[in-house]
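Student: These are the residues of each chain, in order.
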Amino acid sequence: DAKTTQPTSMDCAEGRAANLPCNHSTISGNEYVYWYRQIHSQGPQYIIHGLKNNETNEMASLIITEDRKSSTLILPHATLRDTAVYYCIVFGAAGNKLTFGGGTRVLVKP
Amino acid sequence: DTAVSQTPKYLVTQMGNDKSIKCEQNLGHDTMYWYKQDSKKFLKIMFSYNNKELIINETVPNRFSPKSPDKAHLNLHINSLELGDSAVYFCASSPRQGYTEAFFGQGTRLTVV
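Protein sequence lines correspond, in order, to chains A and B.
The numbers in this note's numbering rise by one with no breaks, and the one at position 102 of the first sequence is 93.
Count along the second sequence starting at 1, add 2, and that's the number in this note's numbering.
Certain hints may be false.
Footprint (simulated), chain A over chain B, 3 or more residues, beta carbon under 8 Å [as the list claims (entries may be wrong)]:
| hint | stretch |
| --- | --- |
| 1 | 62 to 75 |
| 2 | 107 to 114 |
With a straight-line cut-off of 27 Å between C-alpha atoms, the simulated BS3-like cross-links for lysine-lysine are [as the list claims (entries may be wrong)]:
| hint | chain 1 | residue 1 | chain 2 | residue 2 |
| --- | --- | --- | --- | --- |
| 3 | A | -6 | B | 69 |
| 4 | B | 43 | A | -6 |
| 5 | B | 54 | A | 100 |
| 6 | B | 69 | B | 43 |
| 7 | B | 46 | A | -6 |
| 8 | A | 60 | B | 54 |
| 9 | A | 43 | A | 60 |
| 10 | A | 60 | A | 88 |
| 11 | B | 42 | B | 54 |
Note that these hints are calculated values from the structure, not bench results.
In this text, a Cβ means the ideal position worked out from N, Cα and C, and glycines have one as well.
Let the sequences and hints guide you as you build the complete structure.
Tutor: Spelled out as structure tokens, the structure:
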């Protein structure tokens, strides 16, 4: 599975959109981009995933560049409860395990 | 109802002891996993089972032995505990192998003293 690069940490103001970048320049054609988050002292939680089209669900939006080498997770209106570590993971259809990197530690401030 | 439940939530034990962590999922999923999160917060997969069969063993010491009595349960037994085994252990499940919308339990914090 392709490697991902994320900023170590970022701050966001409550009520504003949080844009979390992820680089995955070695992604191959059949690999998906997945996002998970881990709130302190809890297990990881699935957020969203996509292949090449932009995706939106009740939690977030995922924007994937046309060349698929990078993506952005958007939390439209960040709340204090969105403070967590966010993981961007690239996973191939033939794979059988999620590999977590260091993630981005997001702190939502009042 | 909790989808993926682990017991116990906290476990403190002495070096050399043998302990087990239990995991149950009520989602009807075929695939279950054990992950370890160490003090540096990296999450690493240890084992994966699909329909009670072992499909992933990530070079985990033999002291760690998973057991899946049925596809709703995946227990982790650890022999001769060492200080370095101290970590948070997460159980997870997904509908099938290769399907990565996984559901995680709340974790078991193991402290070896």
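Student: Could you run down the list of hints and mark each one as holding or not?
Tutor: Hints versus structure:
1. 62 to 75: It is violated, with 0 qualifying residues against the three required.
2. 107 to 114: Coverage by chain A holds here, the residue count being 3 at a Cβ distance below 8 Å.
3. -6(A) x 69(B): Between residue -6(A) and residue 69(B) the Cα gap is close to 31 Å, so the pair fails against 27 Å, i.e. violated.
4. 43(B) x -6(A): 18 Å, holds
5. 54(B) x 100(A): The hint is violated at about 45 Å.
6. 69(B) x 43(B): 25 Å, holds
7. 46(B) x -6(A): 15 Å, holds
8. 60(A) x 54(B): 37 Å, violated
9. 43(A) x 60(A): 10 Å, holds
10. 60(A) x 88(A): 21 Å, holds
11. 42(B) x 54(B): Outside the cut-off at roughly 31 Å; violated.
The structure fails to meet hints 1, 3, 5, 8, 11 from the earlier list, while all remaining hints are met.
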